[in-house]
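**Q** Single-letter residue listing:
There are 2 protein chains.
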Amino acid sequence: MKKVQKLPTIRRLPTYLYKLNEMRKSGVEIVATPELARYMNLEAIVVRKDLAATGVTGQPGVGYKVVELIESIRSFLSWDNTSEAVLVGAGSLGSAILGYEGFEEYGLRIIAAFDADPGKVGTIIHGREVFDVDRLAELTRRMCIRLGIICVPADYAQDVADELVKGGVHGIWNFANVSLKVPEDVVVQREVIAGGFAVLSVKLERMRRQHENRDPEVE
Amino acid sequence: MKKVQKLPTIRRLPTYLYKLNEMRKSGVEIVATPELARYMNLEAIVVRKDLAATGVTGQPGVGYKVVELIESIRSFLSWDNTSEAVLVGAGSLGSAILGYEGFEEYGLRIIAAFDADPGKVGTIIHGREVFDVDRLAELTRRMCIRLGIICVPADYAQDVADELVKGGVHGIWNFANVSLKVPEDVVVQREVIAGGFAVLSVKLERMRRQHENRDPEVE
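Sequences listed follow chains D and L, in order.
Going letter by letter, the first sequence gives residues 1 to 219 in the numbering used here.
Going letter by letter, the second sequence gives residues 1 to 219 in the numbering used here.
Keep in mind that the hints are not guaranteed to be accurate.
To spell it out: a stretch of chain D is covered by chain L in this simulated footprint if at least three of its residues, at any positions, have a beta carbon under 8 angstroms from a beta carbon of chain L; those stretches are [claimed, not checked]:
#1 6 to 15
#2 25 to 36
#3 56 to 66
#4 113 to 124
#5 134 to 142
Here are the simulated BS3-like cross-link-like pairs (lysine-lysine), alpha carbons at most 25 angstroms apart as the crow flies [unchecked claim]:
#6 K49/D / K19/D
#7 K6/D / K203/L
#8 K25/L / K181/D
#9 K6/D / K25/D
#10 K181/L / K25/D
#11 K19/D / K6/D
#12 K181/L / K181/D
#13 K65/L / K19/L
No lab work stands behind these hints, which were simulated from the structure alone.
Keep in mind that this is a model prediction, so the values were computed, not measured.
Beta carbons are placed, not taken as given, at the ideal position from N, Cα and C, and that holds for glycine.
With the hints as extra help, turn the sequences into a complete structure.
**A** So this is what it looks like as structure tokens:
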């Protein structure tokens, strides 16, 4: 499998989208690159490249049409069509994800949750019913769901992934701290929460060195 | 401020570290690049570059010493020293982060939580006491904490950031879906959960096109 190009660009697109949607709601029609650059804390050239990756180009000296930019990003990410998903593991992380209101804007609709705990099965969490995980493959297939979100402890994640694949899922968003084995035609995105902390740590260390050395050239 | 170089590399380092720690626990002393490449789902050349960024080079035809690699990554990320942090917002996401056991391995120790809900103040969540958010700046300063983790709803995040800065914090890990204004010498890492979903969406779309066109050259 070829690797995905321009990972940082792809990761940043939802943040652009969030800002642009806010602008649209406030009636803003045109946005200039420097404004986006300030918001994203990036250089203008990086912003231009990020947006060009989605197939849109701004007008020099004017900027981008907000609505056009939103459509271009959503289309690039295939977020103009809604994807339905099931979520497995209704613990604190699973509940946090079920409660996150931004996903609908990203074309993601979580329609059911699954858990092994009999105390949770049958309850409603943030509007979604929690089903017994024993029915995961059956219900996923019956509802024609193509996406699964795994929020169970690492030791259970492979079993859950196997059931999701049996249920016909094409994509898995994996929050468990483990590498999953899946067939070649299934895509897994592993979410490593410490990845962000690694970035923060490196930034802090750079800031500390700059302060100590009073040397703006340190990189 | 200069931008951080090699973001994808930095983001991937915790995943290497996780795998390498597992190997060390199993008594493995040497690891070859292809094995790490398979685990990371990357090409070998990318793995070599990632690891070289931390200042370590493997022996051609042999591989890397597991212990050396672990030390090199931890040192690059400054995770060989423990950072103490406070967490603000003990809702479902905050609780999930408090319950995550991997952080100590990354040199992150969350020592207290804060919340505005009187029903939560005084309780213990995953071993940490929850304090009244009104005492955030005071206690952060008194405990000499330099890191804050924000898990409150977006509307409250700026107020919390202001209090953390008053309390002497140098770094903020922001899980609220909002851009924060902080002084120049404070580093913010904004965690956009949809970033991972964006990557998954792009990968899925590529897979779909490959299937439709039966064209392995599509990229």
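**Q** If you draw a straight line from the CA of K49/D to the CA of K19/D, is it 25 angstroms or shorter?
**A** It holds: about 17 angstroms lies between the C-alpha atoms, which stays within 25 angstroms.
**Q** Is the straight-line distance between the alpha-carbon of K181/L and that of K25/D 25 angstroms or less?
**A** holds, 22 angstroms
**Q** Hint check: K181/L vs K181/D, CA-CA at most 25 angstroms. Holds or violated?
**A** Violated, at roughly 42 angstroms.
**Q** Holds or violated: are the alpha carbons of K25/L and K181/D at most 25 angstroms from each other?
**A** Since the Cα atoms of K25/L and K181/D sit roughly 22 angstroms apart, the hinted pair holds (cutoff 25 angstroms).
**Q** Are K6/D and K203/L close enough, with their CA atoms no more than 25 angstroms apart?
**A** holds, 12 angstroms
**Q** Three or more residues of the region 6 to 15 of chain D near chain L by CB distance under 8 angstroms?
**A** holds (count 8)
**Q** Does K6/D sit within 25 angstroms of K19/D, going by the straight-line distance between their CA atoms?
**A** holds, 21 angstroms
**Q** Under 8 angstroms between beta-carbons, do enough residues of the region 113 to 124 of chain D, three at least, approach chain L for the coverage claim to hold?
**A** It is violated, with 0 qualifying residues against the three required.
**Q** Would you mind confirming whether the straight-line C-alpha gap from K65/L to K19/L stays at or under 25 angstroms?
**A** Measuring from Cα to Cα gives roughly 13 angstroms; hence the hint holds.
**Q** Assess, step by step, whether the Cα of K6/D is no farther than 25 angstroms from the Cα of K25/D, and give holds or violated.
**A** Violated, at roughly 29 angstroms.
**Q** Holds or violated: the region 56 to 66 of chain D covered by chain L, criterion of 3 or more residues with Cβ-Cβ distance under 8 angstroms?
**A** That given contact is violated, which follows from only 0 residues of the region 56 to 66 of chain D lying within Cβ reach (below 8 angstroms) of chain L.
**Q** State whether the coverage of the region 134 to 142 of chain D by chain L holds or is violated, taking the criterion as 3 or more residues with Cβ-Cβ distances under 8 angstroms.
**A** violated (count 0)
Checked against the numbered hints above, the structure breaks hints 2, 3, 4, 5, 9 and 12 and satisfies the rest.
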